[in-house]
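> The primary structure of each chain is shown beneath.
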Amino acid sequence: DTGVSQDPRHKITKRGQNVTFRCDPISEHNRLYWYRQTLGQGPEFLTYFQNEAQLEKSRLLSDRFSAERPKGSFSTLEIQRTEQGDSAMYLCASSSGWGGNQPQHFGDGTRLSIL
Amino acid sequence: QQQVKQSPQSLIVQKGGIPIINCAYENTAFDYFPWYQQFPGKGPALLIAIRPDVSEKKEGRFTISFNKSAKQFSLHIMDSQPGDSATYFCAASIMSTGNQFYFGTGTSLTVIP
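In the order they appear, the protein sequences are chains A and B. If you use my numbering, the first sequence corresponds to residues 1 to 115, in order. If you use my numbering, the second sequence corresponds to residues 1001 to 1113, in order.
Be aware that a few hints might be false.
[Stated by the list, open to error] Only some residues are given here: those of chain A computed to face chain B with a beta carbon under 10 Å:
{"id": "1", "residue": "P8"}
{"id": "2", "residue": "E44"}
{"id": "3", "residue": "F65"}
{"id": "4", "residue": "S66"}
{"id": "5", "residue": "A67"}
{"id": "6", "residue": "S73"}
{"id": "7", "residue": "Q80"}
{"id": "8", "residue": "E83"}
{"id": "9", "residue": "Q102"}
{"id": "10", "residue": "D108"}
Simulated from the structure, these hints should not be mistaken for laboratory data. Beta carbons are placed, not taken as given, at the ideal position from N, Cα and C, and that holds for glycine.
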């Protein structure tokens, strides 16, 4: 179990640029979640996948955000035309999606800073 | 609208003390209540979780107390240690509908040696 891996750990970009983050879940997990966490707050749900299907999207996920999970393995989160308000920690989590107890295992996140 | 309300925002205890963190929810459809611990620069790590069919669960020094009628649950940390200093988040989810977590706003715990 190598855990959930996220890349990059830090991203600094200018306002208006596009950014893409990658998440590699725990290999046998079929559910993958994206959350956003701002300073002093708990993580907020953005979207989740069951295998390759994106099943739910939060209202927080504006049309500048897009997520994919091709082949049900790794996932990418892209933000187009970044804005100052996009500065946050973007967390990925995965779970097995089966059985009564479905803990989500989080990666260490990608910290995005918009200049 | 905050689905899960957490208090206190911060907590300072002496080593060996028993910090208690409280959470409350409104949605009676929630059926899974985990607690996560987060250190600076790291992602949240699962500590312990409970289902609403039990009133208490213990794992090591961590205990969750659950009051279904009051829609409240709390985390107790027995014999707290300086290494427990971190931010703690409660969460709630509905397991049958994707299990997205609704997190509380967090409690910053400091354990003084």
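> Confirm or reject each hint.
Each hint tested on the structure:
The interface hint given for P8 of chain A is violated, since its Cβ lies 14 Å from the closest Cβ of chain B, which is over the 10 Å cut-off. With 10 Å as the threshold, the beta carbon of E44 of chain A comes within range of chain B, its nearest partner Cβ sitting at about 7 Å, so the hint holds. Because the beta carbon of F65 of chain A sits about 16 Å from the nearest beta carbon in chain B, more than 10 Å, this interface hint is broken. This hint is violated: S66 of chain A has a C-beta 18 Å from the nearest C-beta of chain B, more than the 10 Å allowed.
Violation of the interface hint for A67 of chain A is found here, the shortest Cβ-Cβ separation to chain B being roughly 14 Å, above the 10 Å cut-off. A cut of 10 Å between beta carbons decides the hint on S73 of chain A: the least distance to chain B is about 19 Å, and the hint is violated. This hint is violated: Q80 of chain A has a C-beta 24 Å from the nearest C-beta of chain B, more than the 10 Å allowed. Taken as an interface hint, E83 of chain A does not check out: its beta carbon lies about 23 Å from the nearest beta carbon of chain B, beyond 10 Å.
For the restraint placing Q102 of chain A at the interface with chain B, the shortest Cβ-Cβ distance is roughly 5 Å, inside the 10 Å limit, so the hint holds. Against a cut-off of 10 Å between C-beta atoms, the interface hint on D108 of chain A holds, since the closest Cβ of chain B lies about 5 Å away.
Hints 1, 3, 4, 5, 6, 7 and 8 from the earlier list are contradicted by this structure; the remaining hints agree with it.
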